[in-house]
Amino acid sequence: MICLTFFSFSLTYNLPCFFFLFLPLPSFLLWLIRVSSSEPSIAVSESVTLPVEGDALTLQCNLTSANDVHQESFWMKNGEEIPDTRSPNKNTEYRLHRPRADDAGVYMCVYSFEMAPPGNATIEVKSSPEIVGHKRSENKNEGETAVLYCKSLGYPLPVWTWRKFENGVFREIDNNTERHSISSKDNYTELQITTLDIIADPGEYHCNATNIIGSRDEKSILRVRSLLAPLWPLLGVLFEIIILVIIIVVYEKRKKPEDLQDDDDPAGPVKTNSTNNHKDKNLRQRNTN
Amino acid sequence: MPPAAASKLDYVPPDGGWGWAVVLGAFISIGFSYAFPKSLTVYFKEIQAYFSVSYSQIAWVSSVMLATMYAAGPIASILVNRYGSRPVVMVGGLMVSAGMILASFGTSIVHLYLCVGVIGGLGLALNLQPSLTIVGSYFLVKRPLANGLAMTGSPVVLFTLAPLNQFLFDSFGWRGSFLILGAIVMNCCVAGALMRPVNKNIKPIPKTAPPNGEVSEEKQDETKSEGCLKRFVDVSLFRHRGFLIYLIGNCVMFFGLFAPVVFLAPYARHQGIDEYSSALLLSIFAVVDMFVRPSTGFLGNTKWIRPKIQYFFSFAVLFNGVCHLLCPLAQGHAGLIVYTVFFGIAFGMLCALLFETLMDLIGAQRFSTAVGLVTIIECGPVLLGPPICGALVDSLGDYKYLFYMCGIILVGCGLFFFIMHYYNYKKLEEEKDKSASVETRTPEEEEVELKPSPESPRFDGFLIPNQILNDR
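Those protein sequence lines, which keep their order, are chains A and B.
Numbering-wise, full-length UniProt numbering puts 260 at position 260 of the first sequence, and it's gapless, one number per residue.
Numbering-wise, full-length UniProt numbering puts 181 at position 181 of the second sequence, and it's gapless, one number per residue.
If you are wondering where the hints come from, they were derived from the structure by calculation, not from laboratory data.
Mixed in with the good hints there might be a few duds.
[Said to hold, decoys possible] Quick look at which bits of chain A chain B covers, simulated, 3 or more residues with Cβ under 8 Å:
id : region
1  : 105–111
2  : 115–125
3  : 247–254
[Stated by the list, open to error] BS3-like mimics (lysine-lysine), calculated; alpha carbons at most 27 Å apart, straight line:
id : chain 1 : residue 1 : chain 2 : residue 2
4  : A       : K164      : A       : K253
5  : B       : K142      : A       : K256
6  : B       : K308      : B       : K427
7  : A       : K253      : B       : K427
8  : A       : K255      : B       : K142
C-beta atoms are modelled at their ideal positions from N, C-alpha and C, and glycine is treated no differently.
My request is simple: use the sequences and hints to build the entire structure.
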């Protein structure tokens with residue numbers, strides 16, 4: 001082992017070691033020597049916590065030494081390759097423009113070699129969670145099921161809690177009650193309330209996402225409609241219609257006798273005139289014919 | 001002016017007075033008939049989620065309603081001929097109301113098809129026909145204006161119902177909204193109450209001199225036969241030149257008339273305009289439409305246009321077509337707004353004159369039967385138009401072909417109308433000249449009410465003898 005150490009520093013001085021090496025060592029030992037001393041060493045930039053100053057964040061990886069011929073390098077985020085990052089450089093970097101919670105995660109620069117297995121280094125970009133998807137308000141009828149949800153971005157993955165804000169106090173919602181059930185997974189959480197009760201259930205619900213960096217809260221308002229709610233407008237409109245119809249019919253009935261009278265007067269003489277005319281005309285015509 | 005025309009009917013239309021209240025009633029009825037099916041689309045998303053059906057299945061509700069409304073035209077005509085407008089409109093209003101209230105308790109999508117689609121559609125048909133008919137019976141001189149005002153109901157009610165529906169939906173959900181809409185639609189009954197039957201008191205009384213007795217007997221026979229089963233479908237209309245022109249032209253026209261309205265918002269979104277601005281386009285369209293319809297009615301009433309109102313209608317159709325052909329040239333949001341304004345003007349002009357021209361050709365007496373036949377035959381193009389255009393867009397991938405197709409159809413129809421009406425007017429002039437020579441020989445026959453004949457240009461005082469001529 002000492003010889004091996006010396007070997008890496010000088011080839012010419014330790015003749016005995018030199019001689020040693022020309023002895024036919026088993027090939028697997030040779031291979032072992034080569035591998036154990038050919039771990040690539042990569043210099044990486046440090047893990048970061050967002051937000052950062054400035055417009056951009058640069059993640060750097062530098063392959064300082066490796067025993068095999070380096071082929072190419074690329075970047076991965078959260079276990080998936082980032083497209084268009086493949087390059088033959090030893091010194092590779094990845095820029096994040098205006099990094100947001102969406103950009104947080106586990107970044108890895110990967111170096112591939114001709115024969116040796118690829119080497120990598122990890123950089124963690126952390127941020128406090130940011131809630132991006134939630135329903136601002138939900139209106140449901142009594143007895144139906146309401147589903148409130150929240151989606152977040154950020155790394156590390158948060159722990160979700162649901163609370164109800166009533167009378168100025170936050171009350172945590174238990175997952176064990178018969179009507180409430182919470183299901184949370186990674187960046188998504190759901191609160192399901194079955195058989196909505198018009199007295200107990202309406203109000204402000206808060207979903208809270210917490211990780212080691214920070215925590216965020218968003219509220220959704222749940223409204224429960226009474227089944228009898230449309231009844232009042234319905235009765236109101238019906239009432240208005242009945243009133244209007246009565247007014248119109250009464251107006252007509254009151255006008256009708258007047259109408260008939262009015263019509264009788266001009267109609268009487270007019271009719272007599274016209275009948276006279278008809279008679280006259282007919283007479284005239286008959287006379288002429 | 002009017003007296004000559006008036007003797008064609010057996011009374012003088014009031015042309016005012018209570019007639020304006022009737023126009024208000026017709027405004028409400030027509031408004032609900034046209035705007036109601038379109039305004040229900042607000043609820044579709046939630047109903048679709050509730051019943052777990054696809055969008056096309058839920059869109060059928062609107063289609064069934066529209067189809068029933070058009071197909072039930074002849075039924076409405078028969079009922080109007082028999083009972084008059086008022087009871088029919090009130091029954092129609094009650095039917096739509098009942099349909100909506102039943103639908104609010106619906107448990108499946110088929111329930112909605114039947115309640116909203118069939119019952120609602122039937123009720124709306126019973127609203128539409130009588131409203132048009134009664135406007136025709138109350139007005140003659142000012143009829144284009146009255147028609148234009150009555151047809152304005154459609155954009156006004158649509159403009160009111162759209163945000164109202166949104167509000168109801170947010171406050172009450174779809175079931176509560178249907179319940180309340182059922183009550184709101186009952187305003188059609190109020191509209192029906194306004195439709196007092198016109199006072200036909202200038203009829204000669206049967207008790208007086210024999211000649212009048214003969215006349216009235218003949219009239220009574222005529223009314224009896226009109227109510228008779230044989231006259232349910234007035235086949236003689238199919239031999240009426242003006243009616244045929246109207247029917248053929250309109251049927252082709254309807255293929256391309258409504259599709260641009262349906263696809264305006266999707267086209268705007270396709271151009272990259274955001275959803276809110278796309279919806280704004282439809283609002284602009286409705287507002288422009290609202291003002292253009294009464295204006296067109298007023299214009300149609302002027303002494304220069306009234307005699308040749310068919311040409312005015314042909315121009316409106318042509319204008320529509322040209323608008324659509326030029327639409328693909330409109331770029332960006334501003335361009336689309338300009339297009340929407342012009343389209344609104346064109347569409348408003350067309351709709352205001354749509355039934356006025358039929359009344360002008362057929363006359364108020366046979367109008368009810370005529371409009372029933374026209375709507376049932378138009379049922380096909382109205383329903384098939386938008387889906388065919390939609391299929392065209394899907395297959396060719398570009399909206400401009402839709403506009404080109406609609407534009408070509410409308411331009412074609414416009415030219416057809418121009419040519420055919422030129423021919424028709426010439427023929428009517430010839431008939432009128434012929435009858436003018438007849439008139440000097442047999443004025444006695446002006447008392448006799450023969451089969452109703454086509455109306456000819458009103459203001460030359462030679463209408464009376466035309467009654468003698470058959471239009472065959």
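- For the region 105–111 of chain A, do three or more residues have a beta carbon lying closer than 8 Å to a beta carbon of chain B? Result for this restraint: violated, n = 0.
- Item | Restraint check for K142(B) with K256(A), where alpha carbons must lie at most 27 Å apart | holds, 25 Å
- Is the hinted pair K308(B) and K427(B) satisfied, with a Cα-Cα distance of at most 27 Å? The hint holds at about 14 Å.
- Message: Would the hint linking K255(A) and K142(B) be met if the CA-CA limit is 27 Å?
- Response: holds, 24 Å
- Message: So is the region 247–254 of chain A in contact with chain B by the C-beta rule, three or more residues under 8 Å, or is the coverage claim wrong?
- Response: Since 3 is at least three, the answer is holds.
- Task: Mind checking the alpha carbons of K253(A) and K427(B) for me, to see if they're no more than 27 Å apart?
- Result: violated, 47 Å
- Agreement of K164(A) and K253(A) with the hint, judged by alpha carbon distance not exceeding 27 Å: The given pair, whose Cα atoms are some 62 Å apart, is violated under the 27 Å limit.
- Query: Given as covered by chain B, does the region 115–125 of chain A meet the bar of three residues or more with CB within less than 8 Å?
  - Reply: violated (count 0)
Consistency note: the structure conflicts with the earlier hints numbered 1, 2, 4 and 7.
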